[in-house]
Amino acid sequence: AQSVTQLDSQVPVFEEAPVELRCNYSSSVSVYLFWYVQYPNQGLQLLLKYLSGSTLVESINGFEAEFNKSQTSFHLRKPSVHISDTAEYFCAVTNLGGGADGLTFGKGTHLIIQP
Amino acid sequence: NAGVTQTPKFRVLKTGQSMTLLCAQDMNHEYMYWYRQDPGMGLRLIHYSVGEGTTAKGEVPDGYNVSRLKKQNFLLGLESAAPSQTSVYFCASSPSGQEYEKLFFGSGTQLSVL
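For the record, the sequence lines run as chains A and B. FYI, this note's numbering numbers position 91 of the first sequence as 91, with every residue one higher than the one before it. FYI, this note's numbering numbers position 41 of the second sequence as 41, with every residue one higher than the one before it.
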């Protein structure tokens with residue numbers, strides 16, 4: 001079975017500052033990794049994913065994440081945040097080849113952007 | 001563009017009452033899921049379905065039942081609600097068990113059990 005650890009439950013950062021949201025996973029086999037974003041009173045939306053290939057993946061709104069197999073990490077970064085990035089961010093994992101029971105989610109990190 | 005629709009959006013129940021949450025998807029997806037989200041706990045899988053007429057237990061199935069009589073609908077039932085079931089419930093669907101990049105979520109149902 002796999003697991004996901006998001007060490008930070010809240011990350012406050014000033015607008016236009018860089019941010020990193022940490023995600024570590026545990027699995028005995030190769031994995032797919034995902035970051036989801038949840039804006040207030042909404043469902044989860046896929047932000048970016050690592051399935052294979054380049055270990056650095058990017059989203060359309062400036063976020064990026066790097067898969068580091070040796071450190072079993074998939075940290076999310078943005079060089080300059082905006083007020084609109086305020087949301088809950090979830091890291092998720094599933095074993096390579098998928099599985100019927102879906103993704104395993106971390107507990108989430110609340111990104112708070114301060115003006 | 002509908003995607004995944006959950007009804008109702010909000011509900012307040014008294015302990016012991018029953019209710020059914022409805023999830024409908026219009027993407028012809030085979031797989032459907034019910035999650036609950038609690039503060040500091042992330043999303044936990046309650047039940048899931050890999051196709052019409054099939055259901056299976058997830059991580060936290062106790063106190064819930066589900067049915068998938070039609071491919072597009074996945075119902076979550078609470079037979080005798082308890083305060084511990086106060087939560088936000090999310091439904092999701094995907095084409096298969098290997099296409100998680102195509103996992104779509106509904107907007108959630110906020111349930112309070114008094």
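Take these hints with a grain of salt, some might be off.
Partial list, derived from the structure: chain A residues whose beta carbon lies under 10 Å from chain B [what the hints assert, rightly or not]:
#1 Y32
#2 Y36
#3 I83
#4 A87
#5 F90
As a list, the in silico EDC-like pairs of lysine to aspartate or glutamate whose alpha-carbon atoms are at most 20 Å apart [claimed, not checked]:
#6 K69/A to E20/A
#7 K49/A to E99/B
#8 K49/A to E79/B
#9 K9/B to E79/B
#10 K107/A to E79/B
#11 K107/A to E20/A
#12 K102/B to E58/A
#13 K49/A to D38/B
Hints are computed from structural coordinates only; laboratory data are not their basis. Bear in mind that the values here come from a model prediction, so they are computed numbers and not experimental data. The beta-carbon is built from N, C-alpha and C at its ideal position, and this holds for glycine as well.
Comparing the hints with the structure gives:
1. Taking 10 Å as the C-beta cut-off, the interface hint given for Y32/A holds, the closest approach to chain B being about 6 Å.
2. Because the beta carbon of Y36/A sits about 8 Å from the nearest beta carbon in chain B, less than 10 Å, this interface hint is met.
3. Using the Cβ-Cβ criterion of 10 Å, the hint placing I83/A at the interface with chain B is not satisfied: the shortest such distance is roughly 22 Å.
4. For A87/A, the interface hint is violated, the least distance from its beta-carbon to any beta-carbon of chain B being 14 Å, above 10 Å.
5. For F90/A, the interface hint holds, the least distance from its beta-carbon to any beta-carbon of chain B being 6 Å, beneath 10 Å.
6. The hinted pair formed by K69/A and E20/A meets the criterion: a straight-line CA distance of about 18 Å does not exceed 20 Å.
7. For the hint pairing K49/A with E99/B, the CA-to-CA distance comes to about 11 Å; that is within 20 Å, so the pair holds.
8. Proposed proximity of K49/A and E79/B is contradicted: the alpha carbons are some 37 Å apart, above 20 Å.
9. Straight-line distance between C-alpha atoms of K9/B and E79/B comes to about 19 Å, which keeps the hinted pair within the 20 Å bound.
10. As the CA atoms of K107/A and E79/B are separated by approximately 28 Å, the hinted pair breaks the 20 Å bound.
11. The hinted pair formed by K107/A and E20/A meets the criterion: a straight-line CA distance of about 16 Å does not exceed 20 Å.
12. A threshold of 20 Å between alpha carbons decides the hint, and for K102/B with E58/A the separation of about 17 Å falls inside it, so the pair holds.
13. For the given pair, K49/A sits about 24 Å from D38/B by alpha-carbon distance, which is inconsistent with the 20 Å threshold.
Checked against the numbered hints above, the structure breaks hints 3, 4, 8, 10, 13 and satisfies the rest.
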